[in-house]
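Now for the letters of each chain:
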Amino acid sequence: GVFAHLEMLEAQAHEAAVKQEETEQQEEKLARLKARVQELRLQRDELRAKVDLQQKGQLGKEGVVSDPAQPSARAVLEWKIKSVKAMLQVFYLTGISGKLTKRGVCFCISTAYEGTYLDSYYLDLLTKPEVQIHRHSVPSFIPLEQIAKKYLQTDIRRFLSVLSDHLNAYAGRRYQADQLQEHFSDQIEGTLQRNSLCNLLVFNYNVSSKSKTFLFNVRLLYGDLCCSLPTEVTISCAPDAPTSLAETAAAHSDLFRRVALHKAFRSFGSAEESMD
Amino acid sequence: MDETVAEYIRRTVLKIPRDEIKTMLQKWGFLSETQLQTINFHQIKENISHDVVLLCEENSADIKQAAVLDIIYNHSYPNKRVWSVYQMNKTGEETELFDLTDFKKKFKRRLRSALKNVTINFREYEDNAIWIRIAWGTPYTQPNQYKTSYVVYHSQTPYVFVSASVLKSNLPLLCQALVVASNYHDIREMELRGHSLNSLKDIVFKRYNQNFQTYYPRPLQERNVAPGSADLRIIQENRSEKERIQRVNREVFGDGPQPKLEFAQYKLETMFKSDPKMDVLDKKEPFRCLVKFSSPHLLESLKSLAPAGMADAPLSPLLTCIPQKARNYFKIREKKGVFPGSFVSP
Numbered sequence: 001g002v003f004a005h006l007e008m009l010e011a012q013a014h015e016a017a018v019k020q021e022e023t024e025q026q027e028e029k030l031a032r033l034k035a036r037v038q039e040l041r042l043q044r045d046e047l048r049a050k051v052d053l054q055q056k057g058q059l060g061k062e063g064v065v066s067d068p069a070q071p072s073a074r075a076v077l078e079w080k081i082k083s084v085k086a087m088l089q090v091f092y093l094t095g096i097s098g099k100l101t102k103r104g105v106c107f108c109i110s111t112a113y114e115g116t117y118l119d120s121y122y123l124d125l126l127t128k129p130e131v132q133i134h135r136h137s138v139p140s141f142i143p144l145e146q147i148a149k150k151y152l153q154t155d156i157r158r159f160l161s162v163l164s165d166h167l168n169a170y171a172g173r174r175y176q177a178d179q180l181q182e183h184f185s186d187q188i189e190g191t192l193q194r195n196s197l198c199n200l201l202v203f204n205y206n207v208s209s210k211s212k213t214f215l216f217n218v219r220l221l222y223g224d225l226c227c228s229l230p231t232e233v234t235i236s237c238a239p240d241a242p243t244s245l246a247e248t249a250a251a252h253s254d255l256f257r258r259v260a261l262h263k264a265f266r267s268f269g270s271a272e273e274s275m276d
Numbered sequence: 001m002d003e004t005v006a007e008y009i010r011r012t013v014l015k016i017p018r019d020e021i022k023t024m025l026q027k028w029g030f031l032s033e034t035q036l037q038t039i040n041f042h043q044i045k046e047n048i049s050h051d052v053v054l055l056c057e058e059n060s061a062d063i064k065q066a067a068v069l070d071i072i073y074n075h076s077y078p079n080k081r082v083w084s085v086y087q088m089n090k091t092g093e094e095t096e097l098f099d100l101t102d103f104k105k106k107f108k109r110r111l112r113s114a115l116k117n118v119t120i121n122f123r124e125y126e127d128n129a130i131w132i133r134i135a136w137g138t139p140y141t142q143p144n145q146y147k148t149s150y151v152v153y154h155s156q157t158p159y160v161f162v163s164a165s166v167l168k169s170n171l172p173l174l175c176q177a178l179v180v181a182s183n184y185h186d187i188r189e190m191e192l193r194g195h196s197l198n199s200l201k202d203i204v205f206k207r208y209n210q211n212f213q214t215y216y217p218r219p220l221q222e223r224n225v226a227p228g229s230a231d232l233r234i235i236q237e238n239r240s241e242k243e244r245i246q247r248v249n250r251e252v253f254g255d256g257p258q259p260k261l262e263f264a265q266y267k268l269e270t271m272f273k274s275d276p277k278m279d280v281l282d283k284k285e286p287f288r289c290l291v292k293f294s295s296p297h298l299l300e301s302l303k304s305l306a307p308a309g310m311a312d313a314p315l316s317p318l319l320t321c322i323p324q325k326a327r328n329y330f331k332i333r334e335k336k337g338v339f340p341g342s343f344v345s346p
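Which chain is which? The protein sequence lines are A and B, in order.
Going by the numbering used here, the first sequence opens with residue 1, and the numbers climb by one from there.
Going by the numbering used here, the second sequence opens with residue 1, and the numbers climb by one from there.
A hint or two may mislead.
Quick list of the computed label-pair ranges, beta carbon to beta carbon [what the hints assert, rightly or not]:
hint, chain 1, residue 1, chain 2, residue 2, range
1, A, Val131, B, Thr141, 55 to 65 Å
2, A, Asn206, B, Phe263, 23 to 33 Å
3, B, Lys273, A, Thr94, 52 to 62 Å
4, B, Glu20, A, Gln153, 48 to 58 Å
Simulated from the structure, these hints should not be mistaken for laboratory data.
No residue lacks a Cβ here, since even glycine has one placed at the ideal position from N, Cα and C.
Based on the sequences and whatever the hints tell you, model everything.
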């Protein structure tokens, strides 16, 4: 639910703040150590030169072997950059990340569905004189104004959370519909009727039973815009279809309600294979 | 087959560039593949269109099918028309549940109840765009197929793209039908017009590349790559200024291609500011003047002004706000004290 999500966000924010504090302390420490490293480097070079002369004199060895256990300043800097980049990548992967701007904050909401990363949407907010949206890249069929009117002034975390839910659910629905069209087009008869929000899908698909194919018409209604599974599934078959097919229709209807669309179709394929 | 239908099909085919005729007829799907094989697409267009009309007669084409061919042509070449953008408003909070059949039914019913003599055709495309073609008649005459309006609507969005024709008087009727069919309350014309339909869509749907500040590591583009092959005798005196201009330009315009607009128009109703001694105007009245910028690609040319040294960076916000404000027609009136602001004209 929303509260669980809020708590999770709060915990994340706390973790982030703690991490940031640690990073800052580490940075200070690092700066001091850097200066020390410079001193030691000078000493080391002097000593090394001495050792070199001795070695060249005694064994005729050429070249200097630098001590791998002591990292150079350049290596430290590279490590520092790598870990900061990794930290930023982690923030991006959590789905909501932000950056302070001159006049406010710029948020990036990244969407994903079952492990696949999808589009990112941006919100450029101003914080003075009050919180308002300066620009954004949210599609116009997402009810952004409605959500902003409800939560933007009072509870910005909730605003971001609700918006993220809408965007993620939309991305998930669209992904399922796209996957269906891409991988299972041979089972679909005619066009897949959809709309911008992908919350109403109507199409016909083939169902084979006892080596005969029948046409099912399905209407998937996603009543909850924050959900990527349908709230209402209506499957109808042709009047001449055998009664046993009604059971299959009911089973499919139940499956569509619980499982992602393209995964449902994948299971049809494997079920048919196992029947033959 | 009706004479007028035959003539209409003939003229529509003539509009299509010769190399595209076969593909478009295939998309149309009214003539079978075998029928299409019989046409020689290498002859002159006059003859091709004549052959097409003969085949259409075989299949008894009517005006509805001919209209579909017209939609396909306009969908392939939308930039031949001028498009305006309208915005709809609704106050309710009901979940958007767009049903295409419902939309079409409501639209036709509303339009036909006011004007019987109209031809209405719909065609849906993969990107959720619904194309509506309307041929207007009058209460006493049949629809004139050459006086058509086109409407492009993406479901569950408040924006409608309209290419009206000469008959502006039918616009209120069209707007009403759209509002009713899409379950909105009212509609107003935005100050946004252009030839490139896709660019207008990019602007209102925010599909163009706005430069958002993020932490997400973007692949660094070739900026300040030391040109190893450059002649070392050439020194860039102005390097820091050039870099500043590039940076400011990038912040304002973003990285990607700009939406394509052909003009921006500013109607000034501001006071003429002159040396009081010169006293050009006796009465203190706003000086009316119209400034129009035209270009094959206005926003790209604005983007290149500062790097080319023709204007200072940053450019005036009146020019750079065009995609974000989604308008290219402005009315600038005097703002008390500060430099002229722009007010949305109702």
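Quick rundown of the hints versus the structure:
| no. | hint | in the structure |
| --- | --- | --- |
| 1 | A/Val131 / B/Thr141: 55 to 65 Å | holds, 57 Å |
| 2 | A/Asn206 / B/Phe263: 23 to 33 Å | violated, 52 Å |
| 3 | B/Lys273 / A/Thr94: 52 to 62 Å | holds, 54 Å |
| 4 | B/Glu20 / A/Gln153: 48 to 58 Å | holds, 53 Å |
Of the numbered hints given earlier, the model fails hint 2 alone.
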